[in-house]
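Participant: From first to last, the protein sequence lines are chains A and B. Here the numbering used here is used: the first residue of the first sequence is 89, the next is one more, and so on. Here the numbering used here is used: the first residue of the second sequence is 89, the next is one more, and so on.
Hints are computed from structural coordinates only; laboratory data are not their basis. Warning: the hint list may mix true and false statements.
To be verified - Here are the simulated BS3-like cross-link-like pairs (lysine-lysine), alpha carbons at most 25 Å apart as the crow flies:
#1 A:Lys482 with B:Lys647
#2 B:Lys537 with A:Lys482
#3 A:Lys363 with B:Lys482
#4 A:Lys438 with B:Lys472
#5 B:Lys559 with B:Lys479
#6 B:Lys438 with A:Lys537
#7 B:Lys482 with B:Lys537
#8 B:Lys472 with A:Lys479
#9 A:Lys632 with A:Lys642
#10 B:Lys438 with A:Lys482
#11 A:Lys479 with B:Lys266
#12 B:Lys363 with B:Lys266
#13 B:Lys482 with A:Lys358
#14 B:Lys438 with A:Lys479
#15 B:Lys482 with A:Lys482
#16 A:Lys537 with A:Lys559
#17 A:Lys472 with B:Lys363
Please read all numbers here as calculations on a predicted model, not as lab measurements.
Number of protein chains: 2
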Amino acid sequence: MISTRVIRRNALLMSVAVTLGLSAFGVSAEDKSADHGSGPAAAYTPSLSTLGQLQVEIPGRKEGDPVMSPEEYLQANQIYFERCAGCHGVLRKGATGKPLTTDVTRANGYEYLRDFITYGSPAGMPNWGTSGELTEEQVDMMARYILLEPASPPEFGMAEMRKTWKVVVAPEDRPAKKMNDIDIDNLFSVTLRDSGQIALIDGKSYDIKAVIDTGYAVHISRISASGRYLFVIGRDALVNMIDLWMETPATVAQIKVGSEARSIETSKMKGWEDKYAIAGSYWPPQYVIMDGDTLEPLKIKSTRGMVYDDQSYHPEPRVAAIVASHYNPEFIVNVKETGKILLVDYSDIKNLKVTEIEAERFLHDGGFDSSKRYFLTAANARGKVVVIDTKEGKLTDILETGGQTPHPGRGANLTHPTYGPVWATSHLGDETVALIGTDPEGHPDNAWKVVQTLYGLGGGSLFVKSHPNSKHLYVDAPLNPDAEISGSIAVFNVDDLTQEEPEYKTLPIVQWADIADGQPRVVQGEFDQSGTEIWFSVWNAKDKESAIVIVDDKTLELKHVIKDPRLITPTGKFNVFNTRSDVY
Amino acid sequence: MISTRVIRRNALLMSVAVTLGLSAFGVSAEDKSADHGSGPAAAYTPSLSTLGQLQVEIPGRKEGDPVMSPEEYLQANQIYFERCAGCHGVLRKGATGKPLTTDVTRANGYEYLRDFITYGSPAGMPNWGTSGELTEEQVDMMARYILLEPASPPEFGMAEMRKTWKVVVAPEDRPAKKMNDIDIDNLFSVTLRDSGQIALIDGKSYDIKAVIDTGYAVHISRISASGRYLFVIGRDALVNMIDLWMETPATVAQIKVGSEARSIETSKMKGWEDKYAIAGSYWPPQYVIMDGDTLEPLKIKSTRGMVYDDQSYHPEPRVAAIVASHYNPEFIVNVKETGKILLVDYSDIKNLKVTEIEAERFLHDGGFDSSKRYFLTAANARGKVVVIDTKEGKLTDILETGGQTPHPGRGANLTHPTYGPVWATSHLGDETVALIGTDPEGHPDNAWKVVQTLYGLGGGSLFVKSHPNSKHLYVDAPLNPDAEISGSIAVFNVDDLTQEEPEYKTLPIVQWADIADGQPRVVQGEFDQSGTEIWFSVWNAKDKESAIVIVDDKTLELKHVIKDPRLITPTGKFNVFNTRSDVY
């Protein structure tokens, strides 16, 4: 099973993932392009700003545009931002869904668009017409709407949020103790991307304990500090709060926090456990602090402001990853376009204190080092990792990873035989894995430097994974155009890292899954609580069979395959204990 | 000279000041109107957002609109924001200058506008045409431009600021010691509103030591903690930094921080003296921290965000008063429309920490209590005063003043014979003066309550004034429509405050100034350093004689009248010592 790497330094064209329509996990076209178009004024077209206004301005009207009445335009606009923007983006530039800019839509033409909206596609587009969710007239209207230039998206303030806020089961009506026999700390929350659901899967029996309706393409799951509540957020900015103590875990509260979102987190500081949740959105550019018991929205804060370096105004700085500090009552919020990391002090939200750290543009995802003191986060289009000291509340360092477009997810922590504690990230744009020293006290010479570069299966990697009890580093490559590569996982043995160019084992995960139909990709390893096995998603098209493949960490052999008709397009998986304790 | 009040509770129509075109000192139409129009979406018309863009969208085009080419529109737009917006407002709603919204301009018509721009008016409009500052073609273009709907104002980020930044005399070329015999601590900086200048007047000899060109209608003067540097800001957002050590004090650095502005301040915390300056602007809605030696712009922070109460997004929250804390390395920044008070920690501007205190909408001006620990600031259209504890960094209280539209300036501190330390504010909308207890330790029952209401000359008051060495409280009423009232000052004796309805003396300041022509108004008392005399501006039209009248605080008799052809439209006066030490 040992193979040597065949692709080295063969940087993928960044358009690959977009062409494939596979830009899951927050990987959108903008993330991967370099700085061009970063000028905020150029990217922003203020036009129809508020749905509630009577006056309608149809932006960018051109000769031959389809005719829409102002009433139709307003209705279509509302449908777009409620149903479509989560995947296709608020400015229709594409994300999970394909771009719907007018160069694309006009090339396809009205009939094509009408039929596509009506019947959907196996790649994940819902069949809005035949499902009955939109009437024939509405489908016709939406097809005409997307032939017009995109409108400016609507604001989503407290009034709009509160309209969407639902407490399904009030705190006093919830169980006073755990009512099921689930080993919650070893439960996995699995995103079922295209069905708009999550599955809760038992980490020992592999039984699906519940399938819960959520927002579309849930981006992440987070667990309250106590372990009781699970929070998930869809790309459509719908947040579900799930009570794991109920006989069958179910949603107890729900809220929509905007038109498009990626991040949610809960307060983890001692004394503040389960008190607050926070969600960040792409549109509007803001975050909201919510009550940890009910999701009641308490405080909204806009991220609009100046870019850290040239200090020009940016109207749309999106909120990317959010983590909760273990050292202070703070949320750590990545603001993408302005390149700022915010330390949001939640100890007094009426007198909200925010420290705004100048970092680097295009901040995206990241995680803690093994001590949980330092937050390492990728400035992906800049090829850099930014390090924040969450204890002191300051920038520690900014370093180049040496690879193209780092995408760490939360990263992976290893104890390197030569360099001590390191944190790993793979790259979207090439096959390298950077190991970065994270121990300024024990190994000061290596701290915040790339101490070693590994070479994985190929470009198009999204996630690396390890565990304190594991000797292995797992690297995926789901966005690689080669089916063999995108269907496999590379595993490095930590003991081999003393070698100059350590080799990896290749795990043929898709082959092990034994799926006849389609071209599934393997994505995102996630350990169980004990660190003895690792789960991978085998992610197929919506109408084809998918699976979860479980590997024994010691032997690197297949342990189990979970298949179930309900497992539609599984992607991210979150083990409750590892997620709430930031173990990765 | 003793008179009793003749007007009581006779609330002025708030339109008076606007009609008179006398809305100086930050009193604009919006401040005085109540909440209507506070909905941000309704007030904001996103349209042409960036001057630099080639694509031109002429907003709100109507039948019969004058024809402008895109090139003309861009040029006119630039002239408007550079030359006109400071007085007429970025959205043309009027402020110091009259409103130029299309209902007004179209009623007047093209010829009227062209001639007005060409010849100016005695009320303060410059003669742009006959002065040669605009060509005949430019005047024609501007007349057509203001017949069109207002464009969205341009951003003003770091690049724009740096283009306007000039160090006239570098720090190393400035004197190492004071080169003049001026008693700097008893110098007065006097705004010469319509000539775009300040006068520096010696507090003993009454000699004018210098007249310095500045921005238009300087709103305030502030002094660096050491007393060496004087900072002034015009409504056109031009900042001048003046070195008082030079043989003849002169501008050593200059910068434009936006299109329209009101506030400037310098760092006062021990250890940070003279290190930073900060300027807040109305447009763009932001503040900038600058180097205290050179005005180099270092950090710009947008104030766009959510309104404190309904948490809806506001695109244009203007920066009103700024003061510097004596207890922490912080600037205290009033954000008007969102009703937030920001504590901006300047100890580490790369990791900028800002505490955002939820306060009340329409925050405007304010000052410290006598201990300098508490900052009291008016939420003018809400009839309230907000109290901030600058030591603890928290909201202390919000109280109603009982009057209509409080306008404290920095307020006045007195030791009340019954209630101990109090802080006073007068009102724009009626003749009342509210005395608010400020001693939570010595007089806890009275703290942050209106302990007494005094009745002054009439509505239209802008400023109250006292001094630790004075037994008097002086109250002006320059915006009162009655010439006798607007030309007089009411003086209360602190010893009389034991009475239920203490009477005041009336000082006939304008009469004392002995000015034959025009209808001058008396405005803004300012004490000398020792607290033995108080200066009042007698503010006449631009082409008429004005004066400064100096009153002996002990006898309340006329001490001196300063007249000089250079004293054109004097308004605000700032004694160096009292200003830098927050003595008022």
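Participant: Give me the numbers of the hints this structure contradicts, sorted from smallest to largest.
Facilitator: 1, 2, 5, 8, 9, 11, 17
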